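Colleague: Going down the list, the protein sequences come from chains A and B.
Under the working numbering, the residue at position 177 of the first sequence is numbered 182, and the numbers go up by one with no gaps.
Under the working numbering, the residue at position 105 of the second sequence is numbered 108, and the numbers go up by one with no gaps.
The set of hints was computed from the structure by calculation and includes no laboratory data.
The model shown is predicted, which means the values in this text are computed figures rather than measured ones.
All clues stand as given, with none of them false.
For lysine-lysine, the following PhoX-like pairs were computed, each having C-alpha atoms within a straight-line distance of at most 20 angstroms: (1) A:K8 to B:K14; (2) A:K15 to B:K136; (3) A:K8 to B:K136.
Letter by letter, the chains look like this.
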Amino acid sequence: MSKVKTNIKKALVTVSALLLGFGVTASSIMNDNFETITAFFGQQSFKVEQGELPEGYDLEHGYKSQFKSVKELVANGFKVQEEEQKEGTVLLKNDNALPLKKGSKVSVFGVTSAAPFYGASGSGGINTTEAIGWYDAFAGKYHDETHLKNTDMAQGDVLLEVNPELKDEYTAWSKNNAYKASSSTTNVKIGDVPWDVVQAGEGYAQIPTYGEAGIFIIKRTGGEGYDLPATSGKNAQYGNENYAKPSVNDGVDGDYLQLSASEISVLEGLKAMKAEGKIKKIVLILNMASTIQLDFLKNDTYDIDACLWTGSVGEVGTVAVAKLLTGEYNFSAGAASTLWANHLMNPINNNFTDQNYFFTYENYADFGFINPAEDNQYQSTMSTYMVYQEGMYMGYKYTETRYEDYVMGTKNVGEYDYDATVAYPFGYGLSYTNFEFSAPTVQKVGQKYEVSVEVTNTGKVAGKTPVQIYIAKPYAEYAKENQIQVPSVELIDFGKTSELAAGAKETVTVEVQEKYFTSYDAFGAGTYVIMPGDYYLIPAMNAHEATNHLLAAKGYTKANTNGKMDADGNAAMAHRITYSALDKETYSLSETTGNPIRNIFTFADINTYEGRGTNSVEYYSRENWNAIKMSERKEDGTLVKYYAELTMTQTMANELRDQMDASKVIKKGGEYPTYGAQNGLVVVDMKGVAYENLLWDQLLDQMTWDEQVDLLSNGRHRTQAVESIAKPSTGDENGPNGLSQTYSTKGGGSRFSGPTNPYGERVNDPDIKRSGDPRDKVTYTTTGFSSNGVLAATFNREIAAKVGKQIGEEGYWAGMSGLLGGGFNILRSPYAGRTAEYYSEDAMLTGLIGAPETAAIESMGVHCFVKHCALNESETGRHGVQTWVTEQALRENYLRAFELVFEDGGAYNVMTTFSRFGTIAGANSTALGKDWLRGEIGMPGIVETDCAGDMTDGKHGEAYVSRIVNVYTGATDLNEYNYGADDPDYTGGTYTFKHFAPVEAGGTGEYGNMGQAMREACKRIIYATVNSNAICGYSSSTKVIRVTPPWQDMMNKALMGATVFFGLSVAFCVIDGLVGLARKKK
Amino acid sequence: MTQSKQVSRKKTPGFLLTLLLIVLSVVTAGMYVIQYGNYAGMMSWPAVALLAAGAVVAILLILIKRSAWAYAPLAIGASVALLMYIEAVYGYVMVVLIGIDLNEVSQQFIICTALFVATFVLSLINIFVTQEKEVEAK
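The whole structure should be built from the sequences, with the hints applied where relevant.
Modeller: Pasting the structure below:
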């Protein structure tokens, strides 16, 4: 009995102690993540009290939806996405195979036929619940206003009758681990079913019956956090370090962007069946945002009759593709990036960190930095780098320029085989009809050129076509003297015809800005210049055609170049404009701010960086095409990259450490601003008030120190509410391919972001999800769009604006006032992980398509955090990788895309790159944040970064961003992460905001300048908020009151209960012990 | 008839478990230091100190022939150390499990977590296992 009693006492104390211990720990962790948890439970840390409204007060503040209900909005999303896919699907090859007759009996191959690539992983992820698969699309199913769910799809005419047994088999195979595709950092599998397995199946015998065509659908995935591997397993080679965990994949030579053995076997099988007459045509569908090596298509290895690139198809893109295949729609897209015949011939890939590669300074350890190979979580931060050695010559700017120099016989051009390099050039795309362009007429109007082209549909069916306008700038004396690199042709703008009936004509006029005649002259004028010489404006159907027109204008023909030219151009298509003198004034000032444009990124070019030591790099130039030796693949599949080798210098090491060291950056001095004044203003009062207006000072004076710390510390998909000025919180969500949200009320369900402000709730739409709704309630979600390469391939601003308007409306209805997108980085390499998020290899196309999309999103009060500005082209080495690039290439090939979406698209906010400009992290760079984004481009809103929160908790994720230092310098206003009030500036950091506080807030009162910097950062956040849809539902009389959310209230009570339980348990044991002792004494 | 108690230090399961836990506490602390000692972001030195202190106090109690109470410092050390370990590494867990980077949980993390959990669970069991063997006085 005594033993039992003892055990009961032990159990009581143990259980109560554990409850208390775990309770205290949980409480500590949960309080650290207060805002994240509050958002997770769909709760609020504040409440909103609406006061009296003046009569007729517009609580929507001018925002007006064109939709009457969520259902109407969802239906329109499907419509817009189908249109995007219709105009963005690229027909690469068609030997009279397409269109297929509607209702044709076909056999469909490939596990992708049953498991389409709808969208990417990571921030480019999309909703796919209602996505329509290939089989359903071929069967004529679709969504309309009354059929929004996959459980109840609308049924149209059957477009293609699919071999049913083969379909069932592939449906089963697509779930079989042996065949299905997968992706991770250790195993990226292409998969698919070998032909002998297909032959053994029951569907094989039916192929002749369904032999109008064999349609083979293949995919490659991709996403945030990892690049695509060009090597596999033991064949991988890892720069100058051995990477701990090389991934494996089943592509030929271990190359994910080649065919797999299974895919080859299917193509060979189909070829054989075609030869036997069992199938009539072979159609290949490339369901991938990236592009595989297409030598087999160009060389006709497998007798493929037709091939189309669809990108990732979004929710209903399959429906558009099915209609394109059967001729209900016509193709009208042009490839947004070069399709390579051989990726080894792409000079970028030498200096690109695909999944199994990164480049480290050989001597990083001398400076105390860790070996990135020790950690497969975050490989970079301090010791890795990447050189953009290609300079200006990326994608078609390389292939076409070297081709031109080869044709012209320029010295040092080396051996160059265009056909072996390029499968299909930038801008290329076929149609079911043909078009002819007239010679352009060009007229200068102010600082624009109006380029008019008469387009004639010379084919037999209706169709539309892009009219791409290329510019050729002079590569002459001035350029050579000042190291200005000049690609042969560059896309400068574009237009698109309307739907032209067979035989119809239309004059397309494209307004070309003279400012894009400029080149960035880093070594001469230190600004944009128009060089003296001949310029050509060339309308063309693709970049290669433009180059041939240019060569023709220069007098070259196939005949007089011994066949070096692969086709004769038309000199009349190249309109010449001559500038007789150097102009270094006209475009040396910012259009938006009037500030001078000058060199601000020389520290990012290893050749001009002051701390370079003995390092130097020979970038690609037209003077020496042999500067980069192409990658080689050994017989065992090992890829040898001849990358630019650098060593770390002491200056580099010091800068890497010092840029985030508050003790070295933040200086004492200055006057603190006013805190806690009672001026009676609220944020809504500032709607329409200019940023420079002194009224802002009165508003900001009302904020307390603690409120400013809170606002600057909580940016995880949100900005924080502020009680003293009645600032609403904002919900800011991913991402570049759509919002990926469910329509719900503020408390309608768990979500990643902070509190939302849904229009759907304000109009009490019956179809939005509410708190407490049953699990089986029918819910509606935002649209999942195609990969952005598809949008770019449309060459259609109207489609871009429609997509943008839909995203803006969806944000408005779902309560989001921020979109973490679009993805305006450049598809520098086909091996880039985020291929679905990025638009093109070309910055002009990216920006010209991104601008109308962005403007339309912004029109609904949804601010775009355009990302990741800039040089965020690789994923494997993204965490702090030191990127070295010339200022000309940086500005013309990378920043240009962002420039366009800010200046022409009106984007408000930015998310900085994970990478560094030279040694300086993008998030820490005042050159980027202050000088370029605000000073040159005139960005009005928030500079945010998500790299700090994402990397500081990794095992070896050496922090490289200090949120507190960055607020002080003005480089970054906000981290996309939630921090507690007393959290340090980064993991392992020792400074908190309190260290810099005024005396009344518990600090030393010595850092007034820090106080001013914090106030300025707060102002930018509030300025963005008041000019967004976050203020909808708010008026001058609306109050924002901080409250304890229910989860925290419950947790506090539970903790109190655990404390009491523990106390009582201990008391019981003590009293019982004392009573026992007393009894013994008696 | 009177009875007296005598401790059988080598034969009770509790005593053997105590010895095992002393070793396990030291191994857990050592492994944690080896794996994460150079990384402040996931290191809790108080956790290491508590595990070591628990083991040291338990050894002292055995030396002064009070091994019946050795379970207590071991259990306190293991429990509080586990809590501190959780607080130190939860950020990493969040990044890996709900983070956007496609990665796996590292081997080091699995080893350390397994050791901490094993030490904790065994120390709880040890509380309820017989620590003294009662024998009749001769």
